[in-house]
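Dock chain W against chain S, hints included.
Protein chains in written order, with numbering that gives the first Met the number 0: chain S, 0 to 440; chain W, 0 to 110.
Simulated from the structure, these hints should not be mistaken for laboratory data. Only a predicted model underlies this, so the values are computations on that prediction, with no experimental measurement involved. Possibly wrong hints are sitting among the right ones.
Coverage of chain W stretches by chain S, computed from C-beta distances (three or more under 8 Å per stretch; other residues unrestricted) [said to hold, decoys possible]:
1) 47 to 60
2) 69 to 75
Only pairs whose alpha carbons sit at most 30 Å apart, straight line, appear in this in silico DSSO-like list of lysine-lysine [stated by the list, open to error]:
3) W:Lys80 / W:Lys38
4) S:Lys331 / W:Lys80
5) S:Lys279 / W:Lys38
In this text, a Cβ means the ideal position worked out from N, Cα and C, and glycines have one as well.
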Amino acid sequence: MLRVALLVLAFLVLGSSDAAAQEAAAEGGFDAVSTLWVLLAAFMVFLMQAGFGMVEAGFIRSKNAANVLMKNVLDFCFAALGFFVFGYAIMYGGDGLIVGTSGWFLSGQSSPVDGLPLEAFWLFQAMFAGTVATIVSGAVAERMKFVSYLAYSFIISAFVYPVVGHWVWGGGWLSGLGFHDFAGSTVVHVVGGVTALVAAMLLGPRFGRFNADGSANAIGGHSLPLGMLGVFILWFGWYGFNAGSTLGMSEPGTVARIAMTTTLAASAGSIAAMVMAWVKYGKPDLTLALNGALAGLVGITAPCAVVTPGASIFIGFAAGVLVIYGIEWLNKAQIDDPVGAIPVHGLCGVWGTLAVGLFGLTSLGAPADGLFYGGGFGQLGIQFLGVAACLAFTTVAMWIVFKAIDSVVGLRVSHETELRGLDLDEHGLESYSGFQIFLTD
Amino acid sequence: MKLVTALIRSEQLPSVKQALFDAQIRHITATSVLGTAPKSEQQMYRGVAREVSLFRRVRVEVAVNDEQLETAIEAITAGAKEAGGWGRIFVTELQDVITIWTGERGPRAIG
Numbered sequence: 000m001l002r003v004a005l006l007v008l009a010f011l012v013l014g015s016s017d018a019a020a021q022e023a024a025a026e027g028g029f030d031a032v033s034t035l036w037v038l039l040a041a042f043m044v045f046l047m048q049a050g051f052g053m054v055e056a057g058f059i060r061s062k063n064a065a066n067v068l069m070k071n072v073l074d075f076c077f078a079a080l081g082f083f084v085f086g087y088a089i090m091y092g093g094d095g096l097i098v099g100t101s102g103w104f105l106s107g108q109s110s111p112v113d114g115l116p117l118e119a120f121w122l123f124q125a126m127f128a129g130t131v132a133t134i135v136s137g138a139v140a141e142r143m144k145f146v147s148y149l150a151y152s153f154i155i156s157a158f159v160y161p162v163v164g165h166w167v168w169g170g171g172w173l174s175g176l177g178f179h180d181f182a183g184s185t186v187v188h189v190v191g192g193v194t195a196l197v198a199a200m201l202l203g204p205r206f207g208r209f210n211a212d213g214s215a216n217a218i219g220g221h222s223l224p225l226g227m228l229g230v231f232i233l234w235f236g237w238y239g240f241n242a243g244s245t246l247g248m249s250e251p252g253t254v255a256r257i258a259m260t261t262t263l264a265a266s267a268g269s270i271a272a273m274v275m276a277w278v279k280y281g282k283p284d285l286t287l288a289l290n291g292a293l294a295g296l297v298g299i300t301a302p303c304a305v306v307t308p309g310a311s312i313f314i315g316f317a318a319g320v321l322v323i324y325g326i327e328w329l330n331k332a333q334i335d336d337p338v339g340a341i342p343v344h345g346l347c348g349v350w351g352t353l354a355v356g357l358f359g360l361t362s363l364g365a366p367a368d369g370l371f372y373g374g375g376f377g378q379l380g381i382q383f384l385g386v387a388a389c390l391a392f393t394t395v396a397m398w399i400v401f402k403a404i405d406s407v408v409g410l411r412v413s414h415e416t417e418l419r420g421l422d423l424d425e426h427g428l429e430s431y432s433g434f435q436i437f438l439t440d
Numbered sequence: 000m001k002l003v004t005a006l007i008r009s010e011q012l013p014s015v016k017q018a019l020f021d022a023q024i025r026h027i028t029a030t031s032v033l034g035t036a037p038k039s040e041q042q043m044y045r046g047v048a049r050e051v052s053l054f055r056r057v058r059v060e061v062a063v064n065d066e067q068l069e070t071a072i073e074a075i076t077a078g079a080k081e082a083g084g085w086g087r088i089f090v091t092e093l094q095d096v097i098t099i100w101t102g103e104r105g106p107r108a109i110g
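Excised from the complex, chain S in its bound form (with noise of 0.2 Å):
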């Protein structure tokens, strides 16, 4: 076993130290602007983990917090060593079709990017990996296993997501196509939706989410504050994820302007979400209005560089009242998904990679115009084909994954430690140790 391990670790010193080589020699050759906002962005795209942290802790229960933010913290943990090891080579190691096959732990790469350090390249993309490992934490909150969790959150960070990656934007079949998403509504949250929804059903909703009649009760969240916070942290980190996609400063007016549209579709989203609340339920719900404010930057996420900003904002402001008619198809089907993440990135994910055929304009950069631009249908078909194929795939492989894992440990805890909480059954905690919490259910 130890010898084992010291291979691996002289494989990972030696494997470095050629790329440190390699980017001595090319010393020269670096954009500081250019590289300084890519390395700029990726910081933003890491906040964006105590983002999705926040929002989950705060929409669940306070005896599940704890758990929810250790898989939040650990997922990240295990995206970023299984996208050096395995996922990048998948993603970027080489043209195949369907995956890359050189490449691991980065050895023998250079950077796809002119101007950029490889390493820079690599840290924003694993930044990306570990954002979709993180978005299905939220569905599978106050019940999944943390053990399985810790599996999944490896295998998808290594292994399935980055397979999505190459299709779209490693050189695989999609990218031949034209098929167009810029910063990943399908290539992260499609992804981290679908599998949340996979997730979600296998392990079936909370007790007593749902009455036998099919009827859905409300199981409040805990602390709204939180839920907003980490709603503005991901909305800044948002901007990151999507103006940093640009890889560069090569062209600062493309940045402005995704900056721009980025903006204006979440603003949209949330007014949307919450108007639709207000018609709908009587009263307007901080907690779908934050819904709603992802959904628009989900939407805007693919094409929020080829976009009119008043197209970025009919674009928010649809996803915004798709992410209520999720909710509510949710409930009726009977899928529990106490933040709201597989309408808010599954659905919305859907609708924003369609929009780039539906609002795309050749003059800011889309491989063709779309339908409401005289285009025709052939830009919104690619889509279409495109994010069908990425589900699919996600979808098959996730449930083998968690079939997978759910015959070797189990995917859900057992009904006691449901009822007692996550916190103090897996970890041996508290959250709010020393305060008084009312319960009222």
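Here is chain W on its own, set in the frame of chain S:
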């Protein structure tokens, strides 16, 4: 000796406390509790209705000698009426009272 227990709403606590203080009754204990109301309340959370039947309440406890009982009840009633007028007061017999520091017992220990 009597134990006066008042169940009130949290927004009534400041005026109830002030009324007891004004009546020279300064030994009170307040606790956060949950209690039912005549009607439960419909709330909506993420589009799903929920019936809330337990509400946050405050329990105020005052131990008094028999001659102070009516004063305490009047003070609590007046204070509670200043902020809506809801609430219940329960009066129970106290078997004994002991001050730990001095060891005093009975009516003298109430203070």
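Hints, one by one, checked against the model:
no. : hint               : verdict
1   : 47 to 60           : holds (count 6)
2   : 69 to 75           : violated (count 0)
3   : W:Lys80 / W:Lys38  : holds (21 Å)
4   : S:Lys331 / W:Lys80 : violated (46 Å)
5   : S:Lys279 / W:Lys38 : holds (24 Å)
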